[in-house]
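Enquirer: Starting from the known structure of chain A, fit chain B onto it as the hints suggest.
Chain residues, written in single-letter form:
Number of protein chains: 2
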Amino acid sequence: MNYFSSDFKLGILGGGQLGKMLLTETRKFDIQTYILDPSAEAPSQYGATRFFQGDLMDFETVYRFGKKTDLLTIEIENVNLDALDQLEQEGLAVYPSPKTLRLIQNKGRQKDFYSENNIPTAPYRRFTDKNSLIQSVENNETNIPFVWKSAQFGYDGNGVKIIRTASDLTSLPDTECIAEQMIPFKNELAVIVSRTPSGSIKTYPVVEMEFHPEANQVEYVICPARIDETVAQKARAIALQVSEKFNHVGLLAVEMFQTEDDAILVNEVAPRPHNSGHYSIEASYTSQFEQHIRAILDLPLGNTDSKVAGIMVNLVGEEGYSGPVIYQNIEKILAIDGVTPHIYGKRETRPFRKMGHVTIVNENIDEARKTAEIVKNTIKVISHS
Amino acid sequence: MNYFSSDFKLGILGGGQLGKMLLTETRKFDIQTYILDPSAEAPSQYGATRFFQGDLMDFETVYRFGKKTDLLTIEIENVNLDALDQLEQEGLAVYPSPKTLRLIQNKGRQKDFYSENNIPTAPYRRFTDKNSLIQSVENNETNIPFVWKSAQFGYDGNGVKIIRTASDLTSLPDTECIAEQMIPFKNELAVIVSRTPSGSIKTYPVVEMEFHPEANQVEYVICPARIDETVAQKARAIALQVSEKFNHVGLLAVEMFQTEDDAILVNEVAPRPHNSGHYSIEASYTSQFEQHIRAILDLPLGNTDSKVAGIMVNLVGEEGYSGPVIYQNIEKILAIDGVTPHIYGKRETRPFRKMGHVTIVNENIDEARKTAEIVKNTIKVISHS
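Chains A and B, in that order, are what the protein sequence lines are.
Position one of the first sequence corresponds to residue 1 (my numbering), numbered consecutively onward.
Position one of the second sequence corresponds to residue 1 (my numbering), numbered consecutively onward.
Bound conformation, chain A alone:
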């Protein structure tokens, strides 16, 4: 198959920042790319061969879009899976497959999948609604404290809550959910795995994540994670196993906990390029976005090693500011060696909205970590109003 400067058309469902960074790679390879996104102002509105505005959850919209393409991928999970099933049945290559997406979309089914496949994960219980959860707590089958997770559409701080007292239960939405045992952990880690339709598979190095305590958004992603090599190897082996068991094609970001006694527990996965891999644009021989394109097109996977240490800082909207965005002090961080801001192209900021990220690279990871802190304390995502 000839993908380069040819009539081949890659379709991407979703046109956010992940789509935008994928487009950098499809432009580099001159692969024609069609994007579908509900917003005319989507970050991916430029750089695609064609941009289509439409509802990603609407069967007809997704189906008709898919029929225009030769291969379909996603940059967001919440898309109409029935349309993907139909397209796949009609012979279109859809990577990752709707079957895998269906499994991952529901956190209850995802946890069951880990249990069935002997993939280590924190103990949990599934509940069809809020009432059955409350009864389970009242019957002492589920013990407070625990982590509540909405089964569907929960990410980036939505749909996850720590339940510390019985009164915390009342504010929960009435929805399918899981209650997960709270496990004390040393580190939150992630491993990105790339896998082709032919079964070639490669893992990226383990990254270490630090979360913002309030926003529940990643504050620093550090590559390589500052952990023992044996723990790193274990984490990569488990991530590899997860991708293989899912028969996944494309990128799979596997988020994990390193427990106090150095066990690795899989937290959850994202079946696409991921925030925890953004460092790879500047630090790795092959960026996660190029790797995703290589994987879904069944091209040879690139080298996942790093040239230099990399740390990523998310640029999220400051509290108290909503309106046209200003990146205050961006020229100050541009003056620091090895600092690269990525601006996603959203015109309006809101508190905690993901507006961009900054990568800091250095041969020395401790130097990079110091610079990252300076960057984080210098640049502010604000607005005049």
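These aren't lab readings, by the way, just hints derived from the structure by calculation.
A quick note: this is a predicted structure, and the numbers were derived from the prediction, not measured.
The reader is advised that the hints may include incorrect statements.
For chains that are exact copies, the list does not tell them apart, and a pair is met inside one copy or across any two.
Straight-line distance between alpha carbons at most 27 Å, and here's what the computed BS3-like set of lysine-lysine pairs gives [claimed, not checked]:
#1 9 - 332
#2 376 - 99
#3 354 - 9
#4 9 - 380
#5 354 - 332
#6 234 - 68
#7 68 - 370
Expert: Relative to chain A, chain B alone:
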């Protein structure tokens, strides 16, 4: 000035592969970019905020395009300079300035400029036409062999010819030209300099160029050049001096000869991102394209050091093939660690047409050089017909 996700509009004259690679950076920073190019099929047709089709040599077209923008730059030298003069007089920032472009556009004036500013360059004579050149040869003022160069619009093998016998003179076009003394040299080198309107200035490491003997196009660009550190320092110092004397703003690629006795002679300059700097996308902390954007916007210049050694191989159309392009064996080179192809997005190949380039990076420059040779001997730019 707020450039990021704002109403600021950067204009770029020219929409070839250099424009395309600049757009990767303006997208990364979410800077609105308008492109003007004569071809509707230009590599930069995607990724710009707006793409305008029009003649770069036409006063009205360039002037009207410029009026839509807040700052104007170029990715090709051959543009209507009168329009740029007019726009500059009306207060538009034009970088590089039309004054500098006018100097550089004429190789005779460019050589005079080096002489006047004590910048070392090969001895030369200027001629207004072919006849005066022939008379100078007949009078033994100009001695064969010498290098003939058309004063205007000569690059990439057009407009440069080595005159070895008197009969070689007859085939020359009748145009303003220079005759340059042939200097035996060890190496062809290049240094890219970036300079801001405020006068901040940085040089990239010296690169070494190997030319294809027939096509007179660069075959390998090797960074860092495998030369003595003292010679490298001299080359960087001279390149810096050239940029400063020109009062240049943006990138200036300074091509140089290293003579047998390690003198450095300036050959010619290009006032824009340059083929000799493509390696920087994968190898440098700051790519030349990002650096050009930083320079013209008077932002802090980025670190010009390399993370790893880099070698670039140009992908030019094979002789004997014209038509829709096929990148034969591209999947084989993608299987090699540290190999990144860049496909410019030209649908049709022709003999020696620049269709793309491949960067090879490695911690070890000798390993990179071996891989570069494998890449060059593996991938072929051909066509079915």
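Enquirer: With reference to the structure, classify each hint as holding or not holding.
Expert: Quick rundown of the hints versus the structure:
no., hint, result
1, 9 - 332, "between (41 Å within a copy, 22 Å between copies)"
2, 376 - 99, "neither (39 Å within a copy, 42 Å between copies)"
3, 354 - 9, "between (29 Å within a copy, 24 Å between copies)"
4, 9 - 380, "between (39 Å within a copy, 23 Å between copies)"
5, 354 - 332, "within (20 Å within a copy, 38 Å between copies)"
6, 234 - 68, "neither (42 Å within a copy, 57 Å between copies)"
7, 68 - 370, "neither (48 Å within a copy, 42 Å between copies)"
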